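Put the two chains together into one complex, using the hints given.
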Amino acid sequence: MTPLIEVKALSVGWDGVPVLEHASFDVGDGEVFAILGRSGSGKSTLFRALVGLEAPLDGSIDLRGVGAPRLDGGRPAFGVMFQGGALFGSMTVGENVALPIERWTTLPRRAVAAMARGKLRLVGLEDAEDKLPSELSGGMVKRVAIARAMALEPSLLFLDEPASGLDPVTAAELDALLVTLRRSLGVTVVLVTHDLGSIVGIVDRAVVLDEGEKRIIGTGSPAELEESHDPRIHAFFAREVEPAAPSETS
Amino acid sequence: MRIGDAAPFWRAVIDAARDARGGKLDIDLSGAKVVDGAIMSLLVDVRADLDRRGVASKIVGASPQLAPVVELYETKGGGSDSEAKPAVGLVERVGRGTGALVDAARHLVLFTWELSFSAFDVLRRPRKTDLARIPSLAEQAGADGVSIVLVLNFLVGVIMAYQSSKALRMYGANAYVADLVGISTTRELCPLMTAIIMSGRSGAAFAAELGTMTVEEELDALRTIGLSPQRWLVLPRVAALVLVAPVLTLLGDVVAVVGGGVVAALSLSIGPRAYLSELHGSVRASDVWTGLVKSAVFGGAIAFIGCQQGFATTGGASGVGRRTTSTVVTCLFAIVVIDTAATVLFRALGR
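Residue numbers (numbering that gives the first Met the number 0), protein chains in the order written: chain A, 0 to 249; chain B, 0 to 350.
Extracted from the complex, chain B is given alone in its bound form (with noise of 0.2 Å):
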């Protein structure tokens, strides 16, 4: 009997075990002439199996040849001593799912902890921070990713116009949509597009490089020449990002409004005057700068979190990819609650 064999096998041995309850069964190879480690396995199994419900099973009848193969599995495969591992309870899983949480949020706020030191001991000792690496992290977060926000801001402020214009145009109100799309967008829609993109590129670059870093004993090896890891690695991160995601998002603010003026003249008969005039008129400072406040929160938010994403990574190639992803959810996670917190503020402040 091979491993070709298994199958049948594995069914005929389940059937004649099955009815076995107390006493004795005995396992007779006597006819077998080969007996390769697959079938071994099995018959190891189907022991400890009727060991458990207090059958005594024995294998008799081996050759010569076939014992030391059967010597083999029965001392390393436990035999009747082995036992099935029990299955997880459901208290267990919340015990262990709650333990996790706890650890991860044990872990979040040592990490903050550190930041805010790290970031405050900045100014007394800048020698401590890779501060020179800045304006490298900024191009990368920012001239490298222009192109991706250029053409997806346009696309938006396209959409907006495209789904207002029937609308508008049922109520006599063309000209509106300078207004809504300058609102929405400026306000809006930018911020949130740049930070969504920004999520997928930085943050998830961030935390697959940090994460990286640490299983590989990086970050150790900083430590033990004397540097924080957080003032050098995170701090010139959030910093970047904190700086780029305004830009990237005024970058986009003008594409989409150019964006909407394509649709509103090709649509809804507005000529380009006409759009800009209306668009002067609706669209104050304070809407612009209340978008690209929030997308510099939105960067530090993103860096953050692909930072400690990164800093929490365990388990080597595998712990990089599930840190990777669950950056670019948590991002997105947080970048809403942070534009519903923003908006409530805003509003509150008559903005």
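The shape of chain A in the complex, shown without the other chains (with noise of 0.2 Å):
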């Protein structure tokens, strides 16, 4: 696949302290691609980093035919969801998926509204359009800022843990929605999240994070890293309490 996203030698960090030291992976067109590790690995920051809320301490991104993410009040070129939804509280579910389509195009308020209404039948809340964010129960907030994300057509769009506090079955419908989304529209997804479901039924490829070397340990398919001799990435797999002295890295 031809690569979408270059990062090359990232560090990240806050106030100058980095949390992941040269971080190198690329990201394929079309796949899913999925940014995996414990809490504190710093997978946070470097999806921050991946679409330009935070300045890398050193290294690049590169996003193909954009350069380095940058949120510089231009139209975007990627859609987000953020892990708690991020929606707007005092605009209603249709208001909140139309307003990058009303940012970023001269239509009417009707036709705006019908895009936003489509968004939101793709990910089946069209009866939710003129409910309060407040209205809606997680697994509903979370498909809204799907179809907000996807708002402007994205090529690319970048989750925030898309199944965290969501029970399974509602888990297993967002995942469904993602592989549609990939499979018909061509989008390439890279999401953080630790919901071993969605790891191995739909990401293409992962990259594991460690906390204590700051960096990653792994990188390849879900079976690949299922495979792995590394104990660090054999426990997240197993769901087991990891090894005190890590010995090898993969």
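Don't take every hint at face value.
[Said to hold, decoys possible] Label pairs and their computed distance ranges (CB to CB): (1) B:Leu71 to A:Ser136: 35 to 43 Å; (2) A:Gly88 to B:Arg10: 48 to 56 Å; (3) B:Val93 to A:Gly123: 54 to 62 Å; (4) A:Glu225 to B:Pro67: 48 to 56 Å; (5) B:Gly60 to A:Glu225: 43 to 51 Å; (6) A:Ser136 to B:Gly320: 22 to 30 Å; (7) B:Arg52 to A:Gly88: 50 to 58 Å.
[Unchecked claim] Sample of chain B residues facing chain A (criterion: CB under 10 Å; computed from the structure): (8) Asp27; (9) Asp102; (10) His106; (11) Glu208; (12) Leu221; (13) Ile224; (14) Gly225.
If you're looking for bench data, these hints aren't it; they were derived computationally from the structure.
The structure displayed is predicted, hence computed values, not measured ones.
The beta carbon of each residue, even a glycine, is placed where N, CA and C say it ideally should be.
Written out as structure tokens, the structure reads:
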């Protein structure tokens, strides 16, 4: 696959203190790519750097055709779904999804609403158009957030913990939605997740971060990672307590 | 020994350990049938303290039934390896405080810069600003706050008239109550009272709303769809308060003068006609408009501070609470500073 994202020797952190160093990986066009790791391993910081919300301490991120991700007020080259959905509480579901369309097109209001409804239909929530985010369940909030992220038809979608806080059935429904988006629309998906069901079911490739070493300790398909000899990766996939003293990396 | 025995046990252990210097100390559990986690936590702490004082300690005599709990706490508690956190010294505290201050200043400068840039850019690209929200924000800050503004400013007029009535009566200058109430309320008291009310209502509301949006990642979401939070959220709020504050102040001026008039009639036997006539002769247009200009500046400052504090929120719900409180305090401080500067400036300009 052609790389859509190339990350080279990337270091990210807070206040100059790195939480992840020398990370290098690429994401192919049309892939579903996962960033895995325990709490504190730098997943969220890496995610924020990938979408341009945090500047890297070192290294580079290259989005094909765009260069480094920058949120400088221009039309976004990708869609982003945040962990809690981050829907605007004062707007209805329909208005949330319509906001990026209103901002970046010159369509009349009716057409914007039609496009927003189309996105809501895609995630199975066309009936929730006039509801406020506070009236939705956790799974519905996440689906609306995906609809908003898809509003401008991006070819690249970043999702932060899409399955967190959801029951297994709702999480599986969300996974099915991502598979549909990828298959029908050719969307590349980069997601941060802990959910093993998602990793095994829909992810093509993944990187595993380690909070102790502050590095990527494994890259590959879920099957390859499951077979890894690295005890930390093995422990992650087997849901075991991690060994105290890691001895090797893969 | 269980958690219910912890208090006497703690005193006994501390007394036993107090005089231990050098050498070693065995903690004998052979007489204990049951030891729960609470008691083990205390023992681990005492052992760490002994270790720091150079006393090697050891738990001995634990029965096979107690061994698992002893082992669990010895492992997890760190035993003799644990060290007390060093106390933070004065220099470090000053350093941390200075660092926090520098960080806050940096945040403020960045926020001001981005807002200034956004304000100029609005003229070029108005679609990037949520101008349609200005009327509803103005309504929330203005119409919804009218009643309290009217009541408090009326009472300010009443207070001013009452406070001055005794002295004025003494000198036979009853009619001058109109001068006193009119000038003091229009130039100073109504803009101040209105700004204080707006700090508590609108400033705090902006900080809480934007603070919640910050911790819920809504500001990040705005950025990722290509909208500047400063342009989209801050500018409409600043514009709304700049527009609304003078209107509220003007209404406040009117009711304060009415309040003074009521006291003048009831307490000083000054009729409405005489009161208004004296008012007309003493209160100049510049008294009113300097007050209105000040209140517009107060409004802008309150919105700016509320939004800036909201944007700087970290740490979830408690962070929102801290920033809301901080907003009100900062607004009150800023209002007095701005008022002082404005008074000096208007005096220098002959107003």
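Now the hints, each set against the structure:
For the pair Leu71 (chain B) and Ser136 (chain A), the supplied restraint of 35 to 43 Å holds, since their beta-carbon distance comes to about 40 Å. Between Gly88 (chain A) and Arg10 (chain B) the beta carbon distance is about 53 Å. The supplied range of 48 to 56 Å therefore holds. With their beta carbons about 58 Å apart, Val93 (chain B) and Gly123 (chain A) fall inside the hinted range of 54 to 62 Å. Remark: the range hint 48 to 56 Å for Glu225 (chain A) to Pro67 (chain B) is contradicted by a beta-carbon distance near 34 Å.
With their beta carbons about 47 Å apart, Gly60 (chain B) and Glu225 (chain A) fall inside the hinted range of 43 to 51 Å. At roughly 27 Å, the beta-carbon separation of Ser136 (chain A) and Gly320 (chain B) lies within the given 22 to 30 Å, and the hint holds. Taking 50 to 58 Å as the suggested C-beta distance range, the pair Arg52 (chain B) and Gly88 (chain A) conforms, at roughly 56 Å. Look at Asp27 (chain B): its Cβ only gets to about 31 Å from chain A, farther than 10 Å, so that hint breaks.
At about 9 Å, the closest approach between the beta carbon of Asp102 (chain B) and any beta carbon in chain A falls short of 10 Å, and the interface hint on this residue holds. Checking His106 (chain B) against chain A: minimum C-beta separation of about 13 Å lies over 10 Å; hint violated. Given the 10 Å rule on beta carbons, the hint for Glu208 (chain B) holds: about 8 Å separates it from the nearest Cβ of chain A. The criterion of a C-beta within 10 Å of any C-beta in chain A is met by Leu221 (chain B), whose closest approach is roughly 8 Å, and the hint holds.
Because the beta carbon of Ile224 (chain B) sits about 4 Å from the nearest beta carbon in chain A, less than 10 Å, this interface hint is met. For Gly225 (chain B), the suggested interface contact is upheld, since its CB lies about 5 Å from the closest CB of chain A, less than 10 Å.
Going down the numbered hints, you'll see the structure goes against 4, 8, 10, while the others check out.
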